[in-house]
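Novice: Chain by chain, the residues:
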Amino acid sequence: MEYFLELLLGGLTRGSIYALIALGYTMVYGIIGLINFAHGEIYMIGAFTALIIASVLTILGFNHLSILVLASLVAVIYSAAYGFTVEKVAYKPLRSAPRLSPLISAIGMSIFLQNYVLLAQTSDFMPFPNLIPDFDFMEPYAHVIGSSELVILLTTAAVMMLLTVLIKFTKIGKAMRATAQDKSMAMLVGVNIDRVISVTFIIGSSLAAIGGILVASHIGQINFYIGFLAGIKAFTAAVLGGIGSIPGAVLGGIVLGCTESFATGYVSSDYEDVFAFTLLVLILIFRPAGILGRSTTEKV
Amino acid sequence: MKLLTSFKKSFLVSIWFMFLTFPIMVIRVNPIEEIIEWRWWNMLLVGGCSFVLSLLGRYFLEKKELMAKRVADSGVIATTFKKRLFEQRAFAVPILIIISFAAIIFPFIFSTYQTSIMTTALIYVVLGLGLNIVVGLAGLLDLGYVAFYAVGAYSYALLNYHFGMGFWAVLPIGAGLGAVFGLLLGFPVLRLRGDYLAIVTLGFGEIIRLILENWNDFSQGPSGIANISRPSLFGTQLGLEANTVYLYFIMIGFMIFTIFVVNRLQNSRIGRAWIALREDEIACQAMGIDKTRTKLNAFALGATWAGMMGVVFAAKTTFINPASFTFLESAIILSIVVMGGMGSIVGVIVAAFILILLPEYLRAFSDYRMLLFGCIMVVMMVFRPQGIISNVRRTYRYGNNKGQDINHRETEEV
Amino acid sequence: MSLLNVTNLTMDFGGLRALDNINITVHENEIVAIIGPNGAGKTTFFNCITGMYTPTSGDILVNGTGGKTHRINGLKPNKVTEKGLARTFQNIRLFPDMTVLENVMIGKHCRTKASVIGAVFRGSETVQEEYEIVESSYELLRKVGLENSVNNLAKNLAYGEQRRLEIARALATEPVLLLLDEPAAGMNPHETKELDELIVRIRDEENIAILLIEHDMKLVMSLSDKIVVMDYGKQIAQGTPTEIQNNPEVIKAYLGEDFA
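Protein chains in written order, with my numbering: chain A, 1 to 300; chain B, 1 to 414; chain C, 1 to 260.
Among the hints, erroneous ones may be present.
[As the list claims (entries may be wrong)] Now the stretches of chain C that chain B is said to cover, found in silico as 3 or more residues with beta-carbon under 8 Å:
| no. | segment |
| --- | --- |
| 1 | 12-23 |
| 2 | 68-78 |
| 3 | 96-106 |
| 4 | 116-128 |
| 5 | 144-156 |
[Unchecked claim] Cut-off 20 Å, straight-line C-alpha distance, at most; resulting in silico cross-link-like pairs (EDC-like, lysine to aspartate or glutamate):
| no. | chain 1 | residue 1 | chain 2 | residue 2 |
| --- | --- | --- | --- | --- |
| 6 | C | Lys79 | B | Glu281 |
| 7 | C | Lys113 | B | Asp290 |
| 8 | C | Lys155 | B | Glu279 |
| 9 | A | Lys92 | B | Glu62 |
| 10 | C | Lys76 | B | Asp290 |
| 11 | A | Lys92 | B | Glu65 |
| 12 | B | Lys291 | C | Glu191 |
| 13 | C | Lys226 | C | Glu182 |
| 14 | C | Lys218 | C | Glu182 |
| 15 | C | Lys113 | C | Glu82 |
| 16 | C | Lys155 | B | Glu281 |
| 17 | C | Lys155 | B | Glu62 |
| 18 | A | Lys174 | A | Asp194 |
| 19 | B | Lys2 | B | Glu62 |
| 20 | A | Lys171 | A | Asp134 |
| 21 | C | Lys76 | B | Asp280 |
| 22 | C | Lys79 | B | Asp290 |
| 23 | C | Lys143 | C | Glu191 |
| 24 | A | Lys88 | B | Glu65 |
| 25 | B | Lys9 | A | Asp194 |
| 26 | C | Lys113 | C | Glu135 |
| 27 | C | Lys79 | B | Asp280 |
| 28 | C | Lys113 | C | Asp97 |
| 29 | A | Lys88 | B | Glu279 |
| 30 | C | Lys234 | C | Asp20 |
| 31 | C | Lys226 | C | Glu243 |
| 32 | C | Lys226 | C | Glu197 |
| 33 | C | Lys76 | B | Glu281 |
| 34 | B | Lys291 | C | Asp97 |
| 35 | C | Lys113 | C | Glu174 |
No lab work stands behind these hints, which were simulated from the structure alone.
C-beta: ideal position from N, C-alpha, C; glycine also.
The shape of chain A in the complex, shown without the other chains (with noise of 0.2 Å):
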């Protein structure tokens, strides 16, 4: 049962890290309809700003909780940066194009910003500062949960919780939902797209960087190549609950998590990405539009 218990928590955390990547790929898909390859770079570019940072500010000799602070918020400052200006040099040029076109220049920017952070930086893994503290009142409960998986849960949950507020309830949100429904008519009401489009950007950037932050200090390390995976995992985890749809990404990326760390757990972990890509490949074919999207019909 504690074993249960540990996976299942487990799977919530890593299910949570999916989710907030698959954030930003749901909204940017939701409004332009492109698959934003970069995206798994941005949240990778997020983590080793805020590594670096870090690491400037503790040999500085600054304490722990304003590193903290200003490393993240540093760090989601440089994502929703990066992620605003891919979007204007690689996907507003291409606006009117055929639609792999964009797409290739997705894959395109993609392995240009690994690359430039494997030369600018290095190709080795470094270790990340753990910016977390263990507390104190979690100490009985550390066979099954550990400091940093309850932050990366409390953060995740708070985060949901304002972006829905945003989407819901704000002038912008309103804009977003209007675009991503029909950006002409949306258009012709006087949204300005343009703007529309850059703020889903910086919002999915924004995630994203919060969870590179959250996973990097988790696990300890990192490299110029962690966005990959996270990027196709995060994405599966979006088409899983549906793509477009806000809470069908959580819904998503917590699905996802929990599969693979029971599928770990329970069976063996040498096949933990093909438990994934299994599970969205049955998940898709019976249920061609993910778990909360709703199929949509053309009309003739």
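Given chain A, work out where chains B and C should sit, using these hints.
Specialist: This is chains B and C only, laid out in the frame that chain A set:
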């Protein structure tokens, strides 16, 4: 005045990029020795480069828009040099002769190393043409094409390792297995719509790779399979150098064969059905085309080519491991198709040569080659999203001349 | 002889009854029009017959190619086309990046049989088939008056021409019954008149019956042998143009209570 504003804008862009690249380009920390390295020089570099590139980008985008406008205004596209090159027999024939001549003498002029690189490029040409059937013609976005390539390579490696089977014997088996896997995957997933298909095929590609990596008893895991036999010529094994040349000509043969097949297919009943499917699925079905079957045809046929090339690849490198079949491989092949111009044979060939040979010859700055590769992909899409050579549909001649003496004007599509 | 026999056709979308007990018969060489206000279920009816939707209940019988009677409920669209029903779409659905001729050649797909192998080896049979496809497609384009734009891309045609190309493409599937979904929508009076003549010509020369949805009353009245009126998914009247013009139910549906 206009120049001044674009200077101003580019200046702002360069400031933005200096800010953007600051933590990653400028700071480098050695956490163990606690040293911070400040590389201010890089910041200047980024600033300068982004200023120049931004100016250039602005100029070219403007030019592109101007061109589009001019075309829209006049309604006709001027006959470009490129068009003349491919459409008129008087131009096409001598050029083809020159190219074939160059292809034949290539291995005798250049070193074994160069020949080997060229063979690799040819493999990608054929892979690109194969994927072109799936993506370019039928419009099915396949991100796991490399899986079928792996199937072919491992079928040769394993059959050779366990039973000592030769290249020519396994070639049809590899092709067949590729097709079988294509059908196996195609049956359940082809009813998914475009983007889902993309992610499922991507997932499938990863599954195949991960299985190869982890199922040690079957595939020897990450260490791979070594000492795979090279192809034999009439039962005799050739030396390394002769073999490289031999493989080169095998690949030339394959390329000609593939061009022949794809060219015939795309202007056939099946090929038209593929293109129609890409254009509008609903209308396509209403015209009496069996959607699933047509898609499955394209998918399996594409997979067949990947399977064949897998066998060639295994025979060429004599060593394979799962690391050769990553998603990046699929991405490169897909880029060849899209950059070449979807559905265009000549375009795919040109793109394959650029994308494969460029990184090879960029080995001089080997560290930067993948960076440039990514960069070229983005730049290419921004400035020429329709690909290097856009596809022109074939035109037919019609008339009331009865019987077999049909002279369809065989305009090779360009 | 009746070509199409629809009895008690009902279609539900969840709780919404889009079609309620529709009965329509189309005989050989007949032109039947379906009219009704927007949202009456006309296109849904087309989609049910052509296999885009599977109807909830009822029968659709076709005496199609080969003279046998087939029940086509729930058959896939391509199978329905094979049985001899061809359609056009309300919002034109051509293959935009293919040439005009190729668009029509696609229509020949289900009546020809060259396979992948055949296409690669291009034996005499395939060559002959290909030749016939080109010739007959060209012939069809001549019939609808598009012989001068054969090698243009479909997307470059004018609106009215695109409508005519859709008809040619549908004819290429060699149907016994042609279903036209608002063929005159967006056409000017001159183009509508040409369309009128074209439809009559198709009926007379090709012996194809026609079932059409149309809002242009002038066209409907001059063209149809029989008119079916639908409103809110129900069939409220059926008869000759004169009968329909004087039917109080129809007037009510179109003009409101006060005029009845």
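Novice: None of the hints should be skipped; say for each whether it holds.
Specialist: Here is what the structure says about each hint:
| no. | hint | verdict |
| --- | --- | --- |
| 1 | 12-23 | violated (count 0) |
| 2 | 68-78 | holds (count 3) |
| 3 | 96-106 | holds (count 8) |
| 4 | 116-128 | holds (count 9) |
| 5 | 144-156 | holds (count 3) |
| 6 | C:Lys79 <-> B:Glu281 | 15 Å, holds |
| 7 | C:Lys113 <-> B:Asp290 | 12 Å, holds |
| 8 | C:Lys155 <-> B:Glu279 | 11 Å, holds |
| 9 | A:Lys92 <-> B:Glu62 | 15 Å, holds |
| 10 | C:Lys76 <-> B:Asp290 | 9 Å, holds |
| 11 | A:Lys92 <-> B:Glu65 | 14 Å, holds |
| 12 | B:Lys291 <-> C:Glu191 | 34 Å, violated |
| 13 | C:Lys226 <-> C:Glu182 | 16 Å, holds |
| 14 | C:Lys218 <-> C:Glu182 | 13 Å, holds |
| 15 | C:Lys113 <-> C:Glu82 | 13 Å, holds |
| 16 | C:Lys155 <-> B:Glu281 | 17 Å, holds |
| 17 | C:Lys155 <-> B:Glu62 | 26 Å, violated |
| 18 | A:Lys174 <-> A:Asp194 | 15 Å, holds |
| 19 | B:Lys2 <-> B:Glu62 | 12 Å, holds |
| 20 | A:Lys171 <-> A:Asp134 | 39 Å, violated |
| 21 | C:Lys76 <-> B:Asp280 | 16 Å, holds |
| 22 | C:Lys79 <-> B:Asp290 | 8 Å, holds |
| 23 | C:Lys143 <-> C:Glu191 | 15 Å, holds |
| 24 | A:Lys88 <-> B:Glu65 | 17 Å, holds |
| 25 | B:Lys9 <-> A:Asp194 | 18 Å, holds |
| 26 | C:Lys113 <-> C:Glu135 | 16 Å, holds |
| 27 | C:Lys79 <-> B:Asp280 | 18 Å, holds |
| 28 | C:Lys113 <-> C:Asp97 | 24 Å, violated |
| 29 | A:Lys88 <-> B:Glu279 | 29 Å, violated |
| 30 | C:Lys234 <-> C:Asp20 | 5 Å, holds |
| 31 | C:Lys226 <-> C:Glu243 | 9 Å, holds |
| 32 | C:Lys226 <-> C:Glu197 | 17 Å, holds |
| 33 | C:Lys76 <-> B:Glu281 | 13 Å, holds |
| 34 | B:Lys291 <-> C:Asp97 | 19 Å, holds |
| 35 | C:Lys113 <-> C:Glu174 | 15 Å, holds |
Going through the hint list in order, the structure does not satisfy hints 1, 12, 17, 20, 28, 29.
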